[in-house]
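Colleague: Sequence:
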Amino acid sequence: MTSEPQKSTSNSPLVSEKELKNGTSFRVDDDVFIDNDDHQIRYKTLSWQFISLLMTAEIVSNGMLSLPNAVAVIGFVPSVILTVFLGIFGLFTAKLLIDFKLNHPEVHNMGDAGFIIFGPIGREVLSLGTVIFSICALGSELLSGQQALSTLSNNGLCSVYLVLIFTVVTFVIALPRTFDRLSWLGLISVALITTTAVVAMVGARTNPVPGRLIQATVKTSFEQAFLAITGPVFAYAGHFMFFILISEMRRPQDAMKAAWCLQVSATTLYVVFSVTVYVYIGSTVQSPALFSLPEKWAKAAFAFGMVNFLLAGALCAHTASKLIFIRFFRHSRHVYSHTLLGWTVWIALCFLTCASAFILAVAVPIFSDLIGIAAALFASWYTYGLGGFFWMHDVYHLEGGSSGWKRRPIGTILAISTILAGAFICVAGTYVTIKLITDAYKSGTVGHPFTC
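Mapping of the sequence shown onto UniProt numbering: residues 1 to 452, in sequence order.
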């Protein structure tokens, strides 16, 4: 559903002029970025091709490496069906998100969308959720980077120092103020993560596990099955940054082309990679799958994938920092000019984001489970559930109230189903993750902070 946005008049602001000047909110129909010739920093520079590369670089990252283990837990038939279904589902919710952005150009992030749909409380909840999930996703990329460096160095340095090294490099990459400065890295990142997948598949093919067990379906408990399918579910969890990326496009109307490229390429790679690795390694495949390869193949795969981990982490840091920065300075000169205050705040935000992710990654023994909770609480809504709210809101307000829902019964059913799906993933994912944390503490398998 793409409808023309309702126009506001200059004397009917959504918020007061004081709020607007303070950067705490925005006026209806004000595009978040307005490029003028006298602006030193230009934002609307990205083509849909480069947006698709950045989206792919962020989504097809270390999440891909956990998929073969999910196949081993539930079997390759349900895994393939689930991966393809979620790819289609993710494309559908991406369209709902993009349509909402086109109808509301003032939306820069999930917090802005939350303000339109749920009011001030919705803005704070969805903004905070975006920041928390970005930091947790960044921490996950840092740990993947540490695993890569540990493998390449034969554990030659304490893992805490390796995470620190990876954090510093990620911080530097995240520093450019606009996404176009990262766009060519997106191309390199996508090429290298694809190479990582190819190297891993070739390594598995040339070193098959003797007597491996391959099953079409596997009987397992609900907790183990749902834990396994969180791999495919959250392998598409990149929608939380789509608004921020689309805001820097020259033509946001082309964003759906980027979504098509992302979902088709990601789904294809996910299915081919997960099934191929599982077929040659079998039920003993680890997560990440590269640890199931012989040492030389694991090193080669990690060497290529490390660049992707860096860029994906930098995109997460950039997303959290950009959300807060625009909240502070929306439509002010600090957004468009190289001011001392603007750069000081921007660098501080990037530093705090990366530092927070570093501390969580090395100081919280159950950090991987915390990532699961954050994904269940927020990514379930950002990637799946909120799309239904976006559609319901715009049809109601732009097409004649509840009668608009009645005139479009199929869309209404799909939107409600999307909301319910997001709610189920949220509740079930949170329950399973909390149960795993409880069981880990009971069994004494929880590690210690700041250990090598």
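If you are wondering where the hints come from, they were derived from the structure by calculation, not from laboratory data. Some hints here could point you the wrong way.
Listed below are the simulated EDC-like cross-link pairs for lysine to aspartate or glutamate, each with C-alpha atoms no more than 20 Å apart in a straight line [unchecked claim]:
id, residue 1, residue 2
1, LYS435, GLU223
2, LYS44, ASP30
3, LYS44, GLU223
4, LYS44, ASP369
5, LYS95, ASP254
6, LYS44, ASP31
7, LYS442, ASP369
8, LYS442, GLU223
9, LYS257, ASP369
10, LYS95, ASP369
11, LYS257, ASP30
12, LYS299, GLU223
13, LYS44, GLU124
So the derived label-pair ranges between C-beta atoms look like this [claimed, not checked]:
id, residue 1, residue 2, range
14, ARG205, PHE92, 29 to 39 Å
15, ALA348, PHE424, 13 to 23 Å
16, THR217, SER368, 41 to 51 Å
Yeah, the Cβ is synthetic: ideal placement off N, Cα and C, and Gly gets one too.
Colleague: Could you grab the alpha-carbon distance between LYS95 and ASP254 and see if it respects the 20 Å cut-off?
Modeller: 11 Å, holds
Colleague: Given the hint that LYS299 pairs with GLU223, test it: the Cα-Cα distance must not exceed 20 Å.
Modeller: Violated, because 33 Å separates the two Cα atoms, which is more than 20 Å.
Colleague: Could you check the hint for me, namely that ALA348 and PHE424 are 13 to 23 Å apart, CB to CB?
Modeller: 39 Å, violated
Colleague: Taking 20 Å as the top limit, are the C-alpha atoms of LYS44 and ASP30 close enough?
Modeller: Holds - the C-alpha atoms of ASP30 and LYS44 are around 14 Å apart, at most 20 Å.
Colleague: Can the restraint linking LYS442 and GLU223 be considered satisfied, given a maximum Cα separation of 20 Å?
Modeller: 17 Å, holds
Colleague: Given the hint that LYS44 pairs with ASP31, does the C-alpha gap stay at or below 20 Å?
Modeller: Distance ~11 Å between LYS44 and ASP31 Cα, so the pair holds.
Colleague: Under the criterion that the straight-line Cα-Cα distance not exceed 20 Å, is the pair LYS435, GLU223 satisfied?
Modeller: With Cα atoms ~8 Å apart, LYS435 and GLU223 stay inside 20 Å; holds.
Colleague: Starting from LYS442, check that the Cα of ASP369 is at most 20 Å away, please.
Modeller: 15 Å, holds
Colleague: Within 20 Å, alpha carbon to alpha carbon, are LYS257 and ASP30?
Modeller: 24 Å, violated
Colleague: CA of LYS44 to CA of ASP369, is that 20 Å or under?
Modeller: 37 Å, violated
Colleague: Using the beta carbons of ARG205 and PHE92, state whether their distance is inside 29 to 39 Å or not.
Modeller: Holds, at about 34 Å.
Colleague: Confirm or reject the claim that THR217 and SER368 have a C-beta distance inside 41 to 51 Å.
Modeller: 27 Å, violated
Hints 3, 4, 9, 10, 11, 12, 13, 15, 16, counting from the list given before, are not met by this structure.
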